[in-house]
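Using the sequences provided together with the hints, build the complete structure.
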Amino acid sequence: MGKKKINIILILIVLGLWGTVGYKIINKQFSNNKTISKKQDQIDNIAINQINKDTFVLEKLSHDPFLTKEYQTTILSLKEITTDRIPLKKAIYHAPIKTNSSVKWPLLKYYGYILSKERNNEVVLLKIDSKLYKLKLNTPLNGLIIKKKYKDSIEVYFNSETKIIRLKSTD
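Once you know that position 123 of the sequence shown is 123 in our numbering, the rest is easy, because the numbers rise by one and skip nothing.
Keep in mind that a hint or two might mislead.
Mimicking DSS-like on lysine-lysine, the simulated pairs with C-alpha atoms at most 25 angstroms apart in a straight line are [as the list claims (entries may be wrong)]: (1) 104 <-> 168; (2) 109 <-> 53; (3) 163 <-> 151; (4) 131 <-> 109; (5) 168 <-> 134; (6) 131 <-> 104; (7) 151 <-> 136; (8) 131 <-> 148; (9) 131 <-> 151; (10) 148 <-> 134; (11) 134 <-> 104; (12) 127 <-> 147; (13) 109 <-> 136; (14) 134 <-> 109; (15) 89 <-> 134; (16) 127 <-> 149; (17) 149 <-> 109; (18) 131 <-> 147; (19) 104 <-> 89; (20) 131 <-> 149; (21) 104 <-> 117; (22) 147 <-> 104; (23) 117 <-> 149; (24) 148 <-> 117.
No lab work stands behind these hints: they were computed from the structure.
These figures come from a predicted structure and were not determined experimentally.
Here's what the structure looks like:
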């Protein structure tokens, strides 16, 4: 019984709303056109004001608002400076790279590493003299020890020397 009463009330409200909408539409169509002409007369009397652009000059800030640092502005004048001096080039001293010619490194190519999920081991794929090996960190193989592993390179220790071998590109 309660649902029936609610449905009847809702139907009456919806009919009332649609009746109001219908009444307004019908009333506009059959009413006098005098109100429309008054609105048109009002539109004709409106004068359009032209808005001119407001221009202004932006100035440089003398301080940084975020870092609260003061800046000094200097005006550079373009003057030709002529001197009799010849600019000196500074000699750059390059320290010679010390290489021990007695140590013969094997041909090394780094192909990446494999991470084992079950054992938490990282195995490095390294080609030594055209033979591919799977090596663990700090495990010696023919005097060759892999000290550190990076994403794109490894650090290799051989006969008291250390070298960094880059990942071989797939050209």
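Hint by hint, here is what the structure shows:
1. Taking the CA atoms of residue 104 and residue 168, the gap is about 21 angstroms. The hint holds against a cut of 25 angstroms.
2. Restraint check for residue 109 and residue 53: not satisfied, since their Cα atoms lie roughly 69 angstroms apart, outside the 25 angstroms limit.
3. Using a Cα cut-off of 25 angstroms, the hinted pair residue 163 and residue 151 holds, with the two alpha carbons roughly 16 angstroms apart.
4. At roughly 10 angstroms between alpha-carbon atoms, residue 131 and residue 109 fall within 25 angstroms of each other, so this suggested pair holds.
5. As the CA atoms of residue 168 and residue 134 are separated by approximately 15 angstroms, the hinted pair is consistent with the 25 angstroms bound.
6. At roughly 17 angstroms between alpha-carbon atoms, residue 131 and residue 104 fall within 25 angstroms of each other, so this suggested pair holds.
7. Simply put, residue 151 and residue 136 have alpha-carbon atoms about 15 angstroms apart, close enough for the 25 angstroms limit, and the pair holds.
8. As the CA atoms of residue 131 and residue 148 are separated by approximately 21 angstroms, the hinted pair is consistent with the 25 angstroms bound.
9. Under the criterion of a C-alpha separation no larger than 25 angstroms, the hint pairing residue 131 with residue 151 is consistent with the structure, at around 22 angstroms.
10. With a C-alpha separation of about 15 angstroms, the suggested pair residue 148 and residue 134 falls inside the 25 angstroms cut-off, and the hint holds.
11. Among the hinted pairs, residue 134 with residue 104 is consistent with the structure: their alpha-carbon atoms are about 22 angstroms apart, no more than 25 angstroms.
12. At roughly 16 angstroms between alpha-carbon atoms, residue 127 and residue 147 fall within 25 angstroms of each other, so this suggested pair holds.
13. Proximity of residue 109 to residue 136 is assessed by CA-CA distance (about 16 angstroms); at most 25 angstroms being required, the pair is judged to hold.
14. Proximity of residue 134 to residue 109 is assessed by CA-CA distance (about 12 angstroms); at most 25 angstroms being required, the pair is judged to hold.
15. Among the hinted pairs, residue 89 with residue 134 is inconsistent with the structure: their alpha-carbon atoms are about 51 angstroms apart, more than 25 angstroms.
16. With a C-alpha separation of about 15 angstroms, the suggested pair residue 127 and residue 149 falls inside the 25 angstroms cut-off, and the hint holds.
17. The suggested pairing of residue 149 with residue 109 holds, with an alpha-carbon distance near 14 angstroms, which does not exceed 25 angstroms.
18. A hinted pair counts as satisfied when its Cα atoms are at most 25 angstroms apart, and residue 131 with residue 147 qualifies at roughly 20 angstroms.
19. With a CA separation close to 39 angstroms, the supplied pair residue 104 and residue 89 exceeds the 25 angstroms bound.
20. Distance check on the hinted pair: residue 131 and residue 149 sit about 20 angstroms apart at the alpha-carbon level, within 25 angstroms; holds.
21. Distance restraint check for residue 104 and residue 117: the Cα-Cα separation of roughly 37 angstroms exceeds the 25 angstroms cut-off, and the hinted pair is therefore not satisfied.
22. Among the hinted pairs, residue 147 with residue 104 is consistent with the structure: their alpha-carbon atoms are about 19 angstroms apart, no more than 25 angstroms.
23. Restraint check: the Cα-Cα separation between residue 117 and residue 149 comes to about 17 angstroms, which is no more than 25 angstroms; the hinted pair holds.
24. Distance hint between residue 148 and residue 117 is fulfilled; the C-alpha atoms sit about 20 angstroms from each other, no more than 25 angstroms.
Of the numbered hints listed earlier, those contradicted by the structure are 2, 15, 19 and 21.
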